[in-house]
Amino acid sequence: MNPTLSFFYFLSFLTILSAIMVVVSRSPIHSVLYLILTFFCLSGHYILLNAQFLAAVNIIVYAGAIMVLFLFVIMFLNMKEEEEKFRGNVTKIAAAIVGGTIFIILFGAYRKTQVGTYNPYEFKSQTGMVESLGMVLFRDYLLPFELASVLFLIAMVGAVMLGKREIGERHF
Amino acid sequence: MIQPPAIPEIIQLIPLKSYLILSTALFVIGIIGVLTRRNAIVIFMSVELMLNSVNLLLIAFSSYRSDPTGQVFVFFIMAVAAAEVAVGLAIIVMIYRNTRTIDINFLKKLKG
Numbered sequence: 001m002n003p004t005l006s007f008f009y010f011l012s013f014l015t016i017l018s019a020i021m022v023v024v025s026r027s028p029i030h031s032v033l034y035l036i037l038t039f040f041c042l043s044g045h046y047i048l049l050n051a052q053f054l055a056a057v058n059i060i061v062y063a064g065a066i067m068v069l070f071l072f073v074i075m076f077l078n079m080k081e082e083e084e085k086f087r088g089n090v091t092k093i094a095a096a097i098v099g100g101t102i103f104i105i106l107f108g109a110y111r112k113t114q115v116g117t118y119n120p121y122e123f124k125s126q127t128g129m130v131e132s133l134g135m136v137l138f139r140d141y142l143l144p145f146e147l148a149s150v151l152f153l154i155a156m157v158g159a160v161m162l163g164k165r166e167i168g169e170r171h172f
Numbered sequence: 173m174i175q176p177p178a179i180p181e182i183i184q185l186i187p188l189k190s191y192l193i194l195s196t197a198l199f200v201i202g203i204i205g206v207l208t209r210r211n212a213i214v215i216f217m218s219v220e221l222m223l224n225s226v227n228l229l230l231i232a233f234s235s236y237r238s239d240p241t242g243q244v245f246v247f248f249i250m251a252v253a254a255a256e257v258a259v260g261l262a263i264i265v266m267i268y269r270n271t272r273t274i275d276i277n278f279l280k281k282l283k284g
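Line order of the protein sequences matches chains A and B. For the first sequence, our numbering begins at 1 and goes up steadily by one. For the second sequence, our numbering begins at 173 and goes up steadily by one.
Same shape as in the complex, but just chain B (with noise of 0.2 Å):
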């Protein structure tokens, strides 16, 4: 019989749904957050969460099925979101700027 490779602990103790769980209940718990809030940085904190949600999805099956792709892909959605968040806060600075709030009930003039 072929000895089985050094397998982290977690892997085997642990069923891949507890991650699909853990991940769905953080994203939910951001959608809520983007719902509930109106200050807009917190807002911004709630599309993180979302983005880390899957990010840790992506990082479980990646671990689970020994496939690095999905481990890059993580890598590329830390990048997107660093350049996102760099962007987002220089609207925000410049709406505050602006308007003197952040709130984002008061930025309804787009409304038609």
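Chain A with its partners taken away, still in its complex shape (with noise of 0.2 Å):
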């Protein structure tokens, strides 16, 4: 077997098992740390897949920046003992029949959709490179990029207000 192929469906196998750990497992760390896992799989599909900046972009922002924030709230909450209990067997066959039919109906899809394929003679390999990716977010989405800043503002404003202890309010 080609080792690009066999290399996909490895990575595509240890996404999808690292993703059903997340569900599945008990604690909490345990999650984050498959969840973890789980984005650095899909780093190596956007590397297989000439996206090497989203890549970047994605071990710095995700792995790097979100998972460290759902760490730190978790060990500050300090509830690593703390086993959840499970909810009952009808919720759970409830949620799998949920998602198994949406599994279903989206695969019958695309089983009668074209999806089309690359086009051989005008493909670009240079599109997930820093260059042409920053020639269309600078050039086409410059407001969109500006505004995501006001969002930042106001994520940041609205996470340090609620946070923040009132008086009288206990600590931890």
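No lab work stands behind these hints, which were simulated from the structure alone. Check the hints yourself; a few may be wrong.
Said to hold, decoys possible - Here are the simulated BS3-like cross-link-like pairs (lysine-lysine), alpha carbons at most 25 Å apart as the crow flies:
(1) B/K280 <-> A/K164
(2) B/K281 <-> A/K92
(3) B/K281 <-> A/K164
Given two chains presented individually in distinct reference frames, assemble the corresponding complex, making use of the accompanying hints.
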């Protein structure tokens, strides 16, 4: 078998497996660690798809910033030994039916769809590089880019305001 | 005959439908996680999983069609996800401080 092909299948298998482990593992710390593994696998997929810039950004933003925030909050709240009780079997079965139905519906839709494929003569291998992304981002999407900074400002103010301790409120 | 440009091996070998199925599987795992877990933080992580499955699909389509716009959208999704996680975790910390639990079954007070 072609090494690239087997690497793709191995990476997909690892992604799905670690995503399942995020959902089924009992302690939230293990969920976070498996989620980090999922993000690294997804970064591997991005590199295979020739999107190097987003692979780097995925590791920096998701595995670096967001997951550290999750880990920090989990250790902050000290829930390590607090084994959560899972919901009843009815909820589990209902959730499995909902998820399975969505998967089957989408899968059936894909079977009937022409998704198209690459055009070998107009293919540009530099699509995912910083240069071409920067051209699009700062020419066509400059206003959304600036609005994202406003969004971050609002998120920062909101997070600080929500996390601030009011007078008379207890510490942890 | 024009020489075709260098195309990554994965794009030549893997049909786009494999990425569709992979990202659908990730999305469904996220949905099941949101529906079955009671811990608010794990629910948040499942939402992140769903966002990432959409990112994977956008990047796959953008790479196959060599259109950088899809990857710019992934960039914006990551920015919005970061802001969402910051505010959401602040809310969870506040809930924990007031009720000493983050079990979402406990948070039924808004129910009429």
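Hint by hint, which ones does this structure get wrong, listed from lowest number up? none
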